[in-house]
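**Student:** Sequence:
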Amino acid sequence: MSPHAATWSSESRSRARGHWIWRVLRPNAGWICVGSALVLSILGFASIDLSVPAMATKHLVFLVIGVVVAGFVAIPNPDFYRRMAWPLAIVTLAMLVFLLIPVVPESIVRPRNGARRWISLVITDFQPSELAKIVFMLVLASTLRFRKTHRSLRGLLPTLAIALVPMGLILMEPDLGTSLLFLPTLLAMLIAAGSRYVDLLKVMLIGLILASAMLPMLRPHQKDRIMALVAQVQGDNRYENDIGYQGARSMTLVGAGGLKGHDADHASMLLRYNHLPERHNDMIFTVICTRWGVFGALATWGAYLSFMLGGFLVALRSTDPFGRLVAVGISVMLMTQMLINSGMSLGIFPITGMTLPFVSYGGSSLVVNWIMVGLLLGISCRPPRMMWRESFHFQSESNSR
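For the sequence shown, my numbering begins at 476 and goes up steadily by one.
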(Lines of atoms letter the chains of each structure in order from A and count residues from 1; the text may use other names and numbers.)
(Lines give C-alpha, C1' and ligand atoms only; values in the text may rest on other atoms or scores of the structure.)
Protein backbone atom coordinates (compact mmCIF):
# COMPACT_ATOMS: atom_id res chain seq x y z
CA MET A 1 0.00 0.00 0.00
CA SER A 2 1.36 3.43 -0.91
CA PRO A 3 1.89 6.11 1.75
CA HIS A 4 -0.85 8.23 0.17
CA ALA A 5 -3.32 5.33 0.25
CA ALA A 6 -2.46 4.57 3.88
CA THR A 7 -2.95 8.22 4.82
CA TRP A 8 -6.28 8.34 2.97
CA SER A 9 -7.44 5.14 4.69
CA SER A 10 -6.50 6.51 8.11
CA GLU A 11 -8.30 9.78 7.43
CA SER A 12 -11.39 7.87 6.24
CA ARG A 13 -11.49 5.83 9.43
CA SER A 14 -11.10 8.98 11.52
CA ARG A 15 -13.96 10.67 9.65
CA ALA A 16 -16.12 7.55 10.07
CA ARG A 17 -15.43 7.48 13.81
CA GLY A 18 -16.20 11.18 14.10
CA HIS A 19 -19.41 10.73 12.12
CA TRP A 20 -20.49 7.85 14.39
CA ILE A 21 -19.78 9.85 17.56
CA TRP A 22 -21.83 12.75 16.19
CA ARG A 23 -24.71 10.44 15.30
CA VAL A 24 -24.76 9.04 18.84
CA LEU A 25 -24.42 12.37 20.65
CA ARG A 26 -26.84 14.43 18.57
CA PRO A 27 -30.40 14.76 19.92
CA ASN A 28 -32.65 11.88 18.90
CA ALA A 29 -35.57 9.92 20.31
CA GLY A 30 -33.27 7.32 21.82
CA TRP A 31 -31.96 9.86 24.30
CA ILE A 32 -35.49 10.32 25.65
CA CYS A 33 -35.36 6.65 26.64
CA VAL A 34 -31.87 7.07 28.11
CA GLY A 35 -32.95 10.07 30.19
CA SER A 36 -36.10 8.34 31.44
CA ALA A 37 -34.15 5.20 32.33
CA LEU A 38 -31.57 7.25 34.26
CA VAL A 39 -34.29 9.03 36.24
CA LEU A 40 -35.93 5.71 37.11
CA SER A 41 -32.61 4.09 38.02
CA ILE A 42 -31.73 6.97 40.38
CA LEU A 43 -35.21 6.67 41.89
CA GLY A 44 -34.52 2.97 42.38
CA PHE A 45 -31.25 3.68 44.18
CA ALA A 46 -32.99 6.16 46.52
CA SER A 47 -35.84 3.72 47.23
CA ILE A 48 -33.51 0.78 47.90
CA ASP A 49 -31.33 2.98 50.14
CA LEU A 50 -34.45 3.80 52.14
CA SER A 51 -35.83 0.26 52.39
CA VAL A 52 -32.69 -1.95 52.54
CA PRO A 53 -29.62 0.33 52.73
CA ALA A 54 -27.17 -2.59 52.66
CA MET A 55 -28.18 -3.37 49.06
CA ALA A 56 -28.03 0.17 47.67
CA THR A 57 -24.32 0.14 46.86
CA LYS A 58 -24.55 -3.16 45.00
CA HIS A 59 -27.50 -1.81 43.03
CA LEU A 60 -25.41 1.21 42.07
CA VAL A 61 -22.63 -1.09 40.83
CA PHE A 62 -25.10 -2.98 38.63
CA LEU A 63 -26.42 0.35 37.35
CA VAL A 64 -22.94 1.42 36.24
CA ILE A 65 -22.39 -1.97 34.59
CA GLY A 66 -25.76 -1.70 32.83
CA VAL A 67 -25.04 1.79 31.46
CA VAL A 68 -21.61 0.71 30.17
CA VAL A 69 -23.07 -2.43 28.55
CA ALA A 70 -25.83 -0.32 26.96
CA GLY A 71 -23.16 1.87 25.36
CA PHE A 72 -21.49 -1.14 23.77
CA VAL A 73 -24.84 -2.60 22.67
CA ALA A 74 -25.67 0.64 20.83
CA ILE A 75 -22.55 0.43 18.62
CA PRO A 76 -23.33 -2.46 16.19
CA ASN A 77 -25.83 -2.03 13.40
CA PRO A 78 -29.23 -3.54 14.34
CA ASP A 79 -28.75 -6.00 11.48
CA PHE A 80 -26.06 -7.66 13.63
CA TYR A 81 -28.67 -8.48 16.28
CA ARG A 82 -31.04 -9.75 13.61
CA ARG A 83 -28.41 -12.25 12.47
CA MET A 84 -27.68 -13.28 16.07
CA ALA A 85 -31.35 -13.70 17.06
CA TRP A 86 -31.74 -17.44 16.41
CA PRO A 87 -28.32 -18.49 17.80
CA LEU A 88 -29.13 -16.52 20.96
CA ALA A 89 -32.56 -18.17 21.08
CA ILE A 90 -31.01 -21.65 21.06
CA VAL A 91 -28.63 -20.74 23.89
CA THR A 92 -31.40 -19.10 25.92
CA LEU A 93 -33.80 -22.03 25.54
CA ALA A 94 -30.99 -24.40 26.56
CA MET A 95 -30.48 -22.38 29.76
CA LEU A 96 -34.22 -22.36 30.51
CA VAL A 97 -34.35 -26.15 30.11
CA PHE A 98 -31.17 -26.49 32.23
CA LEU A 99 -32.94 -24.74 35.12
CA LEU A 100 -35.65 -27.41 35.12
CA ILE A 101 -33.31 -30.43 35.32
CA PRO A 102 -33.78 -31.73 38.89
CA VAL A 103 -30.38 -33.45 39.12
CA VAL A 104 -28.47 -30.18 38.67
CA PRO A 105 -26.97 -29.35 42.09
CA GLU A 106 -28.20 -26.35 44.04
CA SER A 107 -24.70 -24.88 43.98
CA ILE A 108 -25.26 -24.22 40.26
CA VAL A 109 -29.03 -23.65 40.07
CA ARG A 110 -29.94 -21.80 43.24
CA PRO A 111 -33.58 -22.20 44.29
CA ARG A 112 -35.24 -19.30 46.11
CA ASN A 113 -38.66 -19.58 47.68
CA GLY A 114 -39.15 -22.86 45.81
CA ALA A 115 -38.33 -21.36 42.38
CA ARG A 116 -35.42 -22.45 40.16
CA ARG A 117 -34.75 -19.25 38.22
CA TRP A 118 -31.08 -18.44 38.84
CA ILE A 119 -27.77 -19.85 37.62
CA SER A 120 -24.85 -19.17 39.94
CA LEU A 121 -21.96 -17.24 38.38
CA VAL A 122 -19.94 -17.29 41.64
CA ILE A 123 -19.86 -13.50 42.12
CA THR A 124 -23.55 -13.08 41.29
CA ASP A 125 -26.58 -15.00 40.03
CA PHE A 126 -27.92 -14.83 36.48
CA GLN A 127 -31.61 -15.12 35.59
CA PRO A 128 -32.04 -16.60 32.06
CA SER A 129 -35.69 -15.53 31.88
CA GLU A 130 -34.51 -11.90 31.76
CA LEU A 131 -32.37 -12.65 28.71
CA ALA A 132 -35.30 -14.57 27.20
CA LYS A 133 -37.34 -11.36 27.08
CA ILE A 134 -34.83 -9.67 24.79
CA VAL A 135 -34.15 -12.72 22.64
CA PHE A 136 -37.89 -13.31 22.19
CA MET A 137 -38.30 -9.80 20.74
CA LEU A 138 -35.26 -10.16 18.47
CA VAL A 139 -36.49 -13.49 17.05
CA LEU A 140 -40.03 -12.22 16.63
CA ALA A 141 -38.88 -9.03 14.88
CA SER A 142 -36.60 -11.05 12.61
CA THR A 143 -39.56 -13.25 11.63
CA LEU A 144 -42.17 -10.51 11.26
CA ARG A 145 -40.09 -8.31 8.97
CA PHE A 146 -41.37 -10.38 6.02
CA ARG A 147 -44.79 -9.47 4.64
CA LYS A 148 -45.70 -13.11 4.04
CA THR A 149 -45.32 -13.79 7.78
CA HIS A 150 -47.86 -11.34 9.13
CA ARG A 151 -50.34 -11.14 6.24
CA SER A 152 -51.87 -14.59 6.74
CA LEU A 153 -53.04 -16.72 9.63
CA ARG A 154 -50.78 -19.55 8.54
CA GLY A 155 -47.78 -17.24 8.65
CA LEU A 156 -48.73 -15.92 12.09
CA LEU A 157 -48.99 -19.27 13.86
CA PRO A 158 -45.19 -19.77 14.12
CA THR A 159 -44.96 -16.39 15.84
CA LEU A 160 -47.34 -17.70 18.48
CA ALA A 161 -44.99 -20.63 19.09
CA ILE A 162 -42.09 -18.18 19.44
CA ALA A 163 -43.96 -16.65 22.38
CA LEU A 164 -45.47 -19.76 23.97
CA VAL A 165 -42.33 -21.93 24.13
CA PRO A 166 -40.29 -19.61 26.41
CA MET A 167 -43.47 -18.62 28.21
CA GLY A 168 -44.18 -22.25 29.15
CA LEU A 169 -40.59 -22.94 30.24
CA ILE A 170 -40.53 -19.82 32.42
CA LEU A 171 -43.89 -20.71 33.94
CA MET A 172 -42.46 -24.08 34.97
CA GLU A 173 -39.65 -22.47 37.04
CA PRO A 174 -42.16 -21.13 38.29
CA ASP A 175 -42.16 -17.46 37.28
CA LEU A 176 -45.71 -16.38 36.55
CA GLY A 177 -44.85 -12.68 36.40
CA THR A 178 -42.28 -12.84 33.59
CA SER A 179 -44.38 -15.30 31.59
CA LEU A 180 -47.26 -12.80 31.53
CA LEU A 181 -45.20 -10.34 29.47
CA PHE A 182 -44.93 -12.39 26.30
CA LEU A 183 -48.49 -12.33 24.90
CA PRO A 184 -49.06 -8.54 25.25
CA THR A 185 -45.69 -7.91 23.61
CA LEU A 186 -46.53 -10.35 20.82
CA LEU A 187 -49.84 -8.57 20.22
CA ALA A 188 -48.17 -5.14 20.06
CA MET A 189 -45.50 -6.31 17.62
CA LEU A 190 -48.09 -7.99 15.40
CA ILE A 191 -50.09 -4.76 15.27
CA ALA A 192 -46.92 -2.78 14.50
CA ALA A 193 -46.09 -5.23 11.70
CA GLY A 194 -49.46 -4.55 10.07
CA SER A 195 -51.21 -7.85 10.68
CA ARG A 196 -54.87 -7.99 9.69
CA TYR A 197 -57.19 -7.60 12.66
CA VAL A 198 -59.16 -10.73 11.78
CA ASP A 199 -56.00 -12.80 11.87
CA LEU A 200 -54.90 -11.03 15.06
CA LEU A 201 -58.12 -11.99 16.81
CA LYS A 202 -57.73 -15.60 15.73
CA VAL A 203 -54.10 -15.77 16.85
CA MET A 204 -54.80 -14.16 20.23
CA LEU A 205 -57.78 -16.47 20.77
CA ILE A 206 -55.58 -19.48 20.06
CA GLY A 207 -52.91 -18.01 22.32
CA LEU A 208 -55.33 -17.48 25.20
CA ILE A 209 -56.64 -21.02 24.86
CA LEU A 210 -53.12 -22.46 24.89
CA ALA A 211 -52.11 -20.16 27.75
CA SER A 212 -55.16 -21.32 29.71
CA ALA A 213 -53.98 -24.88 29.19
CA MET A 214 -50.87 -23.89 31.15
CA LEU A 215 -52.91 -22.91 34.23
CA PRO A 216 -52.54 -26.38 35.81
CA MET A 217 -48.80 -25.63 35.87
CA LEU A 218 -49.43 -22.94 38.51
CA ARG A 219 -48.12 -23.84 41.95
CA PRO A 220 -50.53 -23.96 44.91
CA HIS A 221 -49.14 -20.74 46.43
CA GLN A 222 -49.72 -18.90 43.13
CA LYS A 223 -53.36 -20.00 43.06
CA ASP A 224 -53.66 -19.00 46.73
CA ARG A 225 -52.38 -15.50 45.94
CA ILE A 226 -55.08 -15.09 43.30
CA MET A 227 -57.71 -16.23 45.82
CA ALA A 228 -56.29 -13.84 48.42
CA LEU A 229 -56.56 -10.91 46.00
CA VAL A 230 -60.18 -11.75 45.16
CA ALA A 231 -60.97 -12.00 48.87
CA GLN A 232 -59.23 -8.67 49.56
CA VAL A 233 -61.24 -6.91 46.84
CA GLN A 234 -64.43 -8.33 48.35
CA GLY A 235 -63.46 -7.01 51.79
CA ASP A 236 -62.68 -10.45 53.19
CA ASN A 237 -59.61 -10.23 55.46
CA ARG A 238 -59.22 -13.90 56.31
CA TYR A 239 -55.98 -14.18 54.28
CA GLU A 240 -54.48 -10.99 55.72
CA ASN A 241 -52.07 -12.77 58.06
CA ASP A 242 -51.37 -15.66 55.71
CA ILE A 243 -50.88 -15.71 51.93
CA GLY A 244 -52.37 -12.21 51.65
CA TYR A 245 -50.01 -10.66 54.21
CA GLN A 246 -47.75 -9.00 51.63
CA GLY A 247 -50.65 -7.45 49.75
CA ALA A 248 -52.33 -6.23 52.95
CA ARG A 249 -49.12 -4.58 54.23
CA SER A 250 -48.59 -2.98 50.84
CA MET A 251 -52.04 -1.42 50.82
CA THR A 252 -51.51 -0.12 54.36
CA LEU A 253 -48.22 1.55 53.41
CA VAL A 254 -49.60 3.02 50.18
CA GLY A 255 -52.44 4.57 52.16
CA ALA A 256 -50.02 5.87 54.79
CA GLY A 257 -48.08 7.73 52.11
CA GLY A 258 -51.01 10.01 51.32
CA LEU A 259 -50.66 12.68 48.66
CA LYS A 260 -47.19 14.04 49.43
CA GLY A 261 -45.55 11.16 51.29
CA HIS A 262 -43.23 11.56 54.28
CA ASP A 263 -39.68 12.57 55.02
CA ALA A 264 -37.03 9.85 54.86
CA ASP A 265 -36.96 9.15 58.61
CA HIS A 266 -40.74 8.86 58.93
CA ALA A 267 -41.02 6.71 55.80
CA SER A 268 -38.22 4.46 57.06
CA MET A 269 -40.05 4.05 60.37
CA LEU A 270 -43.29 3.12 58.58
CA LEU A 271 -41.47 0.51 56.51
CA ARG A 272 -39.75 -0.88 59.58
CA TYR A 273 -42.90 -1.27 61.68
CA ASN A 274 -45.06 -2.48 58.79
CA HIS A 275 -42.75 -5.26 57.69
CA LEU A 276 -43.13 -5.72 53.92
CA PRO A 277 -41.35 -8.71 52.36
CA GLU A 278 -39.41 -7.97 49.14
CA ARG A 279 -39.79 -4.22 49.66
CA HIS A 280 -36.51 -3.64 47.81
CA ASN A 281 -37.55 -5.81 44.88
CA ASP A 282 -41.06 -6.77 43.76
CA MET A 283 -42.80 -4.34 46.15
CA ILE A 284 -40.58 -1.30 45.67
CA PHE A 285 -43.44 0.73 44.18
CA THR A 286 -44.96 0.59 47.66
CA VAL A 287 -41.78 2.21 49.01
CA ILE A 288 -42.14 5.00 46.42
CA CYS A 289 -45.74 5.61 47.48
CA THR A 290 -44.77 5.63 51.16
CA ARG A 291 -41.87 8.06 50.68
CA TRP A 292 -43.25 10.38 48.00
CA GLY A 293 -46.99 9.70 48.08
CA VAL A 294 -49.42 9.94 45.17
CA PHE A 295 -47.34 12.66 43.54
CA GLY A 296 -44.30 10.38 43.57
CA ALA A 297 -46.32 7.55 42.05
CA LEU A 298 -47.61 9.84 39.28
CA ALA A 299 -44.10 11.12 38.58
CA THR A 300 -42.86 7.52 38.33
CA TRP A 301 -45.62 6.64 35.88
CA GLY A 302 -44.77 9.80 33.94
CA ALA A 303 -41.15 8.66 33.55
CA TYR A 304 -42.33 5.31 32.16
CA LEU A 305 -44.75 7.06 29.81
CA SER A 306 -41.87 9.23 28.60
CA PHE A 307 -39.79 6.09 27.99
CA MET A 308 -42.58 4.45 26.01
CA LEU A 309 -43.21 7.54 23.88
CA GLY A 310 -39.48 7.79 23.21
CA GLY A 311 -39.46 4.15 22.11
CA PHE A 312 -42.42 4.74 19.80
CA LEU A 313 -40.64 7.76 18.28
CA VAL A 314 -37.60 5.56 17.65
CA ALA A 315 -39.89 3.08 15.88
CA LEU A 316 -41.58 5.79 13.79
CA ARG A 317 -38.26 7.23 12.66
CA SER A 318 -36.59 3.92 11.81
CA THR A 319 -36.55 2.84 8.16
CA ASP A 320 -35.72 -0.77 9.03
CA PRO A 321 -38.67 -3.11 9.76
CA PHE A 322 -36.58 -5.12 12.22
CA GLY A 323 -35.58 -2.01 14.18
CA ARG A 324 -39.14 -0.67 14.24
CA LEU A 325 -40.50 -3.91 15.65
CA VAL A 326 -37.79 -4.23 18.30
CA ALA A 327 -38.44 -0.65 19.44
CA VAL A 328 -42.18 -1.29 19.76
CA GLY A 329 -41.61 -4.59 21.57
CA ILE A 330 -39.24 -3.08 24.14
CA SER A 331 -41.54 -0.12 24.81
CA VAL A 332 -44.65 -2.24 25.30
CA MET A 333 -42.93 -4.97 27.33
CA LEU A 334 -41.43 -2.55 29.87
CA MET A 335 -44.68 -0.59 30.10
CA THR A 336 -46.65 -3.81 30.67
CA GLN A 337 -44.16 -4.86 33.34
CA MET A 338 -44.55 -1.50 35.08
CA LEU A 339 -48.35 -1.71 35.03
CA ILE A 340 -48.38 -5.22 36.50
CA ASN A 341 -45.80 -4.40 39.18
CA SER A 342 -47.49 -1.21 40.33
CA GLY A 343 -50.84 -3.01 40.18
CA MET A 344 -49.46 -5.59 42.61
CA SER A 345 -48.65 -2.86 45.14
CA LEU A 346 -52.07 -1.23 44.69
CA GLY A 347 -54.02 -4.48 45.09
CA ILE A 348 -55.15 -4.59 41.45
CA PHE A 349 -53.15 -7.69 40.43
CA PRO A 350 -52.03 -10.73 42.42
CA ILE A 351 -48.43 -10.67 43.61
CA THR A 352 -46.52 -12.67 41.01
CA GLY A 353 -42.87 -11.88 41.63
CA MET A 354 -42.25 -9.23 38.97
CA THR A 355 -39.68 -6.45 39.25
CA LEU A 356 -40.26 -2.77 38.49
CA PRO A 357 -38.01 -1.98 35.48
CA PHE A 358 -34.90 0.08 36.31
CA VAL A 359 -36.11 0.58 39.89
CA SER A 360 -36.20 -2.81 41.64
CA TYR A 361 -33.07 -4.39 43.04
CA GLY A 362 -31.67 -7.18 40.87
CA GLY A 363 -28.52 -7.43 38.78
CA SER A 364 -29.88 -9.48 35.87
CA SER A 365 -33.03 -7.39 35.61
CA LEU A 366 -31.25 -4.03 35.73
CA VAL A 367 -28.52 -4.95 33.24
CA VAL A 368 -31.04 -6.47 30.80
CA ASN A 369 -33.22 -3.36 31.04
CA TRP A 370 -30.23 -1.24 30.11
CA ILE A 371 -29.40 -3.58 27.23
CA MET A 372 -32.88 -2.74 25.92
CA VAL A 373 -32.01 0.96 26.23
CA GLY A 374 -28.82 0.31 24.27
CA LEU A 375 -30.81 -1.38 21.51
CA LEU A 376 -33.17 1.60 21.29
CA LEU A 377 -30.27 4.03 21.18
CA GLY A 378 -28.53 1.99 18.47
CA ILE A 379 -31.70 1.90 16.36
CA SER A 380 -32.29 5.64 16.77
CA CYS A 381 -28.72 6.49 15.72
CA ARG A 382 -29.24 5.01 12.24
CA PRO A 383 -30.60 7.96 10.25
CA PRO A 384 -33.03 7.55 7.31
CA ARG A 385 -31.23 6.96 4.02
CA MET A 386 -34.17 8.00 1.87
CA MET A 387 -37.14 10.34 1.94
CA TRP A 388 -39.64 7.49 2.24
CA ARG A 389 -39.80 4.59 4.64
CA GLU A 390 -39.43 1.02 3.44
CA SER A 391 -42.61 -0.97 3.94
CA PHE A 392 -42.72 -4.56 5.06
CA HIS A 393 -44.09 -5.40 1.60
CA PHE A 394 -40.96 -4.17 -0.21
CA GLN A 395 -38.69 -5.63 2.45
CA SER A 396 -40.29 -9.03 1.82
CA GLU A 397 -39.99 -8.80 -1.94
CA SER A 398 -36.37 -7.71 -1.86
CA ASN A 399 -35.44 -10.63 0.38
CA SER A 400 -37.42 -13.22 -1.55
CA ARG A 401 -35.61 -12.63 -4.85
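Derived by calculation from the structure, the hints in this document are not laboratory data. Check before you lean on any hint, since a few could be wrong.
Unchecked claim - Label pairs and their in silico Cβ distance ranges:
1) Pro633 with Phe601: 26 to 32 Å
2) Gly777 with Ile681: 18 to 24 Å
3) Leu676 with Gly818: 24 to 30 Å
4) Phe573 with Ile598: 30 to 36 Å
5) Leu596 with Trp561: 37 to 43 Å
6) Pro695 with Gly818: 36 to 42 Å
7) Ala688 with Ile666: 34 to 40 Å
8) Ala529 with Ser595: 19 to 25 Å
Ideal Cβ placement from N, Cα and C applies to all residues, glycine included.
**Student:** Enumerate the violated hints, using their earlier numbering and listing them in ascending order.
**Tutor:** Of the numbered hints given earlier, those the structure breaks are 2, 4, 5, 6 and 7, listed in rising order.
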